[in-house]
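Engineer: Sequence:
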Amino acid sequence: MELSVYISNERIEIVAGTGSKSKAKIKKVYSLAVPEGTIMNGIITGEQRLQERLEQIWNRYSLPRKGICLVIDSGKIMTKMLEVPYMKDKELISCINKEFADGEKTDLVTDYFPFPKNSPYEMNHIFCAALEKSVIESYLSLFSDLKLKVKRISIGLGCLLRAVTATGMFAYETCVFMLVQGSTTISVLFENGNYIYSRRNRMLNDQGSAEWIEELGQIADGIRQFYRQRHSSYTLDSIYLAGIAGGSDDVVKELDTYMQEYGIRAKAPGMIQGISFVKTAVSDHGEINAEPASYIFGIGNLLL
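Under this note's numbering, the letters of the sequence shown match residues 247 to 550, in that order.
Honestly, the hints are just simulated from the structure, not real lab data. Hints may contain errors.
[As the list claims (entries may be wrong)] As a list, the in silico BS3-like pairs of lysine-lysine whose alpha-carbon atoms are at most 25 Å apart:
| no. | residue 1 | residue 2 |
| --- | --- | --- |
| 1 | K393 | K273 |
| 2 | K269 | K525 |
| 3 | K267 | K393 |
| 4 | K397 | K379 |
| 5 | K395 | K312 |
| 6 | K273 | K525 |
| 7 | K267 | K326 |
| 8 | K267 | K344 |
| 9 | K273 | K379 |
| 10 | K379 | K395 |
| 11 | K513 | K269 |
| 12 | K344 | K326 |
| 13 | K273 | K395 |
[As the list claims (entries may be wrong)] Quick list of the computed label-pair ranges, beta carbon to beta carbon:
| no. | residue 1 | residue 2 | range |
| --- | --- | --- | --- |
| 14 | T325 | A456 | 41 to 47 Å |
| 15 | K395 | K271 | 19 to 25 Å |
| 16 | S365 | R295 | 48 to 54 Å |
| 17 | G292 | Y332 | 42 to 48 Å |
| 18 | Y332 | D391 | 41 to 47 Å |
Even for Gly, the Cβ is constructed at its ideal location relative to N, Cα and C.
All chains, full assembly: derive it from the sequences and hints.
Structural biologist: Here's what the structure looks like:
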């Protein structure tokens, strides 16, 4: 069993389970608070307090200290889509490194995810990401001090795309997937099931409020307008919303009402094909409803 661990500004999400290329069996999920100000935009800013909280969590729930798979998500992560012919791994990595070569930011660690091809004659479409090495080293140092052995580190958006692609989650759909992560919302646009575009927004209002729903609607409308400029033969007609603590049904209904004038329906993603998931997650206040899509970073990190 592996532990997929993601720490946001407000919470630590732990997904415990096993996975293969397109299937995963999730045995336990944790969604627990971390002290305010210990993580900001994916950067560790309060190491001592965060270390104490993680030690408390691992001891309280008797979590394994090996096989930890970290997920990092941050606005500081640079991403690109590349279209390249077949290359050997070393050649591809060299190509990706050159894409991110940018003056002062030379000490970068890169990651990539190749999308499946419909034909062997197609060009390869590669999602690439880069992050400063010092950020990754800060996570490794934190976990090493706690005697927790990190097996691998992945990028949040890469995990999301891996999960969507491997499971066919939005196959043949033209939609926006909105993942709420505390005060940040990540929006990902898919056209006929293929990744097109993503953006991050810092939310200004309290989650669940009428003003917050309006913010979500404005973000979705901005993506709708962007998509119209592509003059595509496909129609953007759905928004899938996840990441709401305890479940997204009520928020989805309100967002659906807001988006109807644009001909777009808001929905909850529901179950994910190939993913055996638990019904509840462990929180600081007992068991809460757990929706698979809300933990898509952790799920995608187990699909290898």
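Engineer: Work down the list of hints and note, for each, if the structure agrees.
Structural biologist: Cross-check of the supplied hints:
no., hint, in the structure
1, K393 x K273, "23 Å, holds"
2, K269 x K525, "17 Å, holds"
3, K267 x K393, "29 Å, violated"
4, K397 x K379, "17 Å, holds"
5, K395 x K312, "5 Å, holds"
6, K273 x K525, "10 Å, holds"
7, K267 x K326, "23 Å, holds"
8, K267 x K344, "29 Å, violated"
9, K273 x K379, "32 Å, violated"
10, K379 x K395, "18 Å, holds"
11, K513 x K269, "23 Å, holds"
12, K344 x K326, "12 Å, holds"
13, K273 x K395, "20 Å, holds"
14, T325 x A456: 41 to 47 Å, "32 Å, violated"
15, K395 x K271: 19 to 25 Å, "22 Å, holds"
16, S365 x R295: 48 to 54 Å, "52 Å, holds"
17, G292 x Y332: 42 to 48 Å, "45 Å, holds"
18, Y332 x D391: 41 to 47 Å, "42 Å, holds"
Hints 3, 8, 9, 14 from the earlier list are contradicted by this structure; the remaining hints agree with it.
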